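Protein chains in written order, with our numbering: chain A, 1 to 193; chain B, 1001 to 1263.
Simulated from the structure, these hints should not be mistaken for lab results.
One thing to keep in mind: the hints can contain errors.
One side of the interface only, derived from the structure: several residues of chain B facing chain A at Cβ under 8 Å [unchecked claim]: (1) Tyr-1051; (2) Thr-1061; (3) Lys-1072; (4) Gly-1081; (5) Gly-1082; (6) Ala-1085; (7) Ala-1088; (8) Val-1089; (9) Ile-1100; (10) Gly-1107; (11) Gly-1112; (12) Val-1120; (13) Leu-1247.
Derived pair list, reagent style DMTMM-like, types lysine to aspartate or glutamate, alpha-carbon separation capped at 20 Å [stated by the list, open to error]: (14) A/Lys-165 x A/Glu-177; (15) B/Lys-1041 x B/Glu-1118; (16) A/Lys-165 x B/Glu-1083; (17) B/Lys-1009 x B/Glu-1253; (18) B/Lys-1009 x A/Glu-149; (19) A/Lys-165 x A/Asp-184; (20) A/Lys-165 x A/Glu-153; (21) A/Lys-165 x A/Glu-81; (22) A/Lys-165 x A/Asp-60; (23) B/Lys-1086 x A/Asp-65; (24) A/Lys-165 x A/Asp-65; (25) A/Lys-165 x A/Asp-71; (26) A/Lys-165 x A/Asp-79; (27) B/Lys-1254 x A/Asp-49; (28) B/Lys-1254 x A/Glu-45; (29) A/Lys-165 x A/Glu-63; (30) B/Lys-1086 x A/Asp-71; (31) A/Lys-165 x B/Asp-1078; (32) B/Lys-1086 x A/Glu-171; (33) B/Lys-1041 x B/Asp-1238; (34) B/Lys-1086 x A/Asp-60; (35) B/Lys-1254 x A/Glu-153; (36) A/Lys-165 x B/Glu-1087; (37) B/Lys-1086 x A/Glu-63; (38) A/Lys-165 x B/Asp-1075; (39) A/Lys-165 x A/Glu-57; (40) B/Lys-1009 x B/Glu-1245.
Model, not experiment: these values are computed from the prediction.
Cβ coordinates follow ideal geometry from the N, Cα and C atoms, glycine included.
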Amino acid sequence: MTEPAFEDSAPRQVWGPGRSWSPGYRVDGQNLDATPDTEMPEWREWALDGGPTTWPEAGDVLEVDRAAVRDAARALLTDLESYTALRVLPRSETGAPITPEEGPMPIPLLRPPSFGQFHPGVDLAYDQPLLIWNTGDAGTINHFHAFMERSLEQFFRSYSSCIIKLAQSVEEYELAEAASALSDLEAYKSDGE
Amino acid sequence: MTNLTAWYKGAISPDGALLEMRCDRDAYGIGPTNEYWRRLKYIEGEAAGLYGRELTSIADTLVETVSAITAKGQDLADAWGGEAAKEAVRELGVLRKAVIELAAAVGTVGEGTRWFGEEVYPAFADTLIGGFEGWADPIWDHESEGNGCDCPLPYANPLAWTGVDSATCIRQEHEYYYEYSDRWVTQPRDAIAVANREDFYAGELGRFVNETERQAIEDRRLDPRTAYETAAARQMMDRLNGYFEQLHAFLPEKAVCRFPGDT
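If we strip away everything but chain A, and leave its shape as in the complex, we get:
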């Protein structure tokens, strides 16, 4: 009797997500001590404990160190500029992306992978990943992707707005203008606008 070939093909056991920074886990399989191979990233700590909550408050005395405020606004602007790669190209009236004449090209976000309806759902009637068209429900990860894009867009807008207010308060209008240019999800303003 020929035994079926898949009999001994059980997939190996896989540790759960985030194991590399969990105590007691080591990549080499040894569990001699509780020291994880990597440190838990800050974003994961925040996901677990809600993140830092302490925040300073400005004093009541009416005074302003213009240089310090300007430096703070400039530093925040530099930080906002680091997101250039995540921005999108502006689109023309026909919907075609307009590429910049100079400067770095933005790298568009990867589209979310297909998990079907989170579970690998396949609509057998159409041999397609399962989509519920009337609700737009395309799965957990796809929903999250849409949320992330909306949030990043709003983040750029709010961050830029904060910097503009700081710059305007110390009459640094060029700085405010530079921040204003970064308020959009789009990588740059096209000439047509």
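Dock chain B against the given chain A, drawing on the hints supplied.
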């Protein structure tokens, strides 16, 4: 005024859980023998790994932004006073809170997706059970003029002239029953002997064979090899779904970001 963006983790859809394993062939009688193969085909494992890495890198950038805002918020509070300063610093604090929330969610979803794509998926990618075994037509023993048995004596269907199929080999070992089966049957020699069916039911795969299928095997309408493959595919899918449940549990319950109002 704040601008709110939100995402809530959905429940795992019961429809997406264990599979209906069914033989789903196209008009030409060609196709995979169970859904497992198809479901696996639609998981973009490699893309999931890359996507997860991209998300964690975005989360790392957001963490740097939180550091920058924290440091500069303190500088501003020290260097500036009065109502306008209070408002500006408070607004920056609201922004920081939203970025913390966003970084936590993006990083966690990213790590989960990366884990699935890079660690779980490869463990399953090569274990296609009952998938396409080439694009050959299904082999029925009366079509191949033999039952595929490795008996040294040549096989001849003694009832061939009557048009009735017989799949009994000279050693009488391989009595298979697919003349009434609607299943795609591979070479009979690959099938499981009926004598082993009790072991099959009692073993680990037993819980993946339902009563209807057991009865069909007893009635010699379903060949045990196909039933065995289907059960093994269900078992694999069950394991894979277990990992999906782990991924689902790892994701944050919700992500709600309240950004300060823009100008």
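Here is what the structure says about each hint:
1. Tyr-1051: For B/Tyr-1051, the interface hint holds, since the closest Cβ of chain A sits about 5 Å away, which is under 8 Å.
2. Thr-1061: 6 Å, holds
3. Lys-1072: Holds: closest Cβ of chain A sits about 4 Å from B/Lys-1072, inside 8 Å.
4. Gly-1081: Status holds, d = 4 Å.
5. Gly-1082: With a minimum Cβ separation of about 4 Å from chain A (threshold 8 Å), the hint on B/Gly-1082 holds.
6. Ala-1085: 4 Å, holds
7. Ala-1088: 6 Å, holds
8. Val-1089: 5 Å, holds
9. Ile-1100: This interface hint holds because 4 Å falls under the 8 Å limit.
10. Gly-1107: 3 Å, holds
11. Gly-1112: Check passed: Cβ of B/Gly-1112 comes within 5 Å of chain A, closer than 8 Å.
12. Val-1120: B/Val-1120 check passes; min Cβ-Cβ to chain A is 5 Å, inside 8 Å.
13. Leu-1247: 7 Å, holds
14. A/Lys-165 x A/Glu-177: Cα-Cα ~11 Å, so holds.
15. B/Lys-1041 x B/Glu-1118: Since the Cα atoms of B/Lys-1041 and B/Glu-1118 sit roughly 16 Å apart, the hinted pair holds (cutoff 20 Å).
16. A/Lys-165 x B/Glu-1083: 13 Å, holds
17. B/Lys-1009 x B/Glu-1253: 5 Å, holds
18. B/Lys-1009 x A/Glu-149: 16 Å, holds
19. A/Lys-165 x A/Asp-184: 16 Å, holds
20. A/Lys-165 x A/Glu-153: It holds: about 19 Å lies between the C-alpha atoms, which stays within 20 Å.
21. A/Lys-165 x A/Glu-81: Roughly 17 Å between the alpha carbons, so the hint for A/Lys-165 and A/Glu-81 holds.
22. A/Lys-165 x A/Asp-60: 19 Å, holds
23. B/Lys-1086 x A/Asp-65: Holds, at roughly 14 Å.
24. A/Lys-165 x A/Asp-65: 15 Å, holds
25. A/Lys-165 x A/Asp-71: 14 Å, holds
26. A/Lys-165 x A/Asp-79: 16 Å, holds
27. B/Lys-1254 x A/Asp-49: With Cα atoms ~14 Å apart, B/Lys-1254 and A/Asp-49 stay inside 20 Å; holds.
28. B/Lys-1254 x A/Glu-45: Holds, at about 16 Å.
29. A/Lys-165 x A/Glu-63: Holds, because 17 Å separates the two Cα atoms, which is no more than 20 Å.
30. B/Lys-1086 x A/Asp-71: 18 Å, holds
31. A/Lys-165 x B/Asp-1078: Given pair A/Lys-165, B/Asp-1078 holds - Cα atoms ~17 Å apart, limit 20 Å.
32. B/Lys-1086 x A/Glu-171: Given pair B/Lys-1086, A/Glu-171 holds - Cα atoms ~18 Å apart, limit 20 Å.
33. B/Lys-1041 x B/Asp-1238: 16 Å, holds
34. B/Lys-1086 x A/Asp-60: Distance ~8 Å between B/Lys-1086 and A/Asp-60 Cα, so the pair holds.
35. B/Lys-1254 x A/Glu-153: Holds, because 19 Å separates the two Cα atoms, which is no more than 20 Å.
36. A/Lys-165 x B/Glu-1087: Holds, at about 10 Å.
37. B/Lys-1086 x A/Glu-63: 12 Å, holds
38. A/Lys-165 x B/Asp-1075: 16 Å, holds
39. A/Lys-165 x A/Glu-57: 17 Å, holds
40. B/Lys-1009 x B/Glu-1245: Since the Cα atoms of B/Lys-1009 and B/Glu-1245 sit roughly 13 Å apart, the hinted pair holds (cutoff 20 Å).
Violation of the numbered hints given earlier is absent; every hint is satisfied by the structure.
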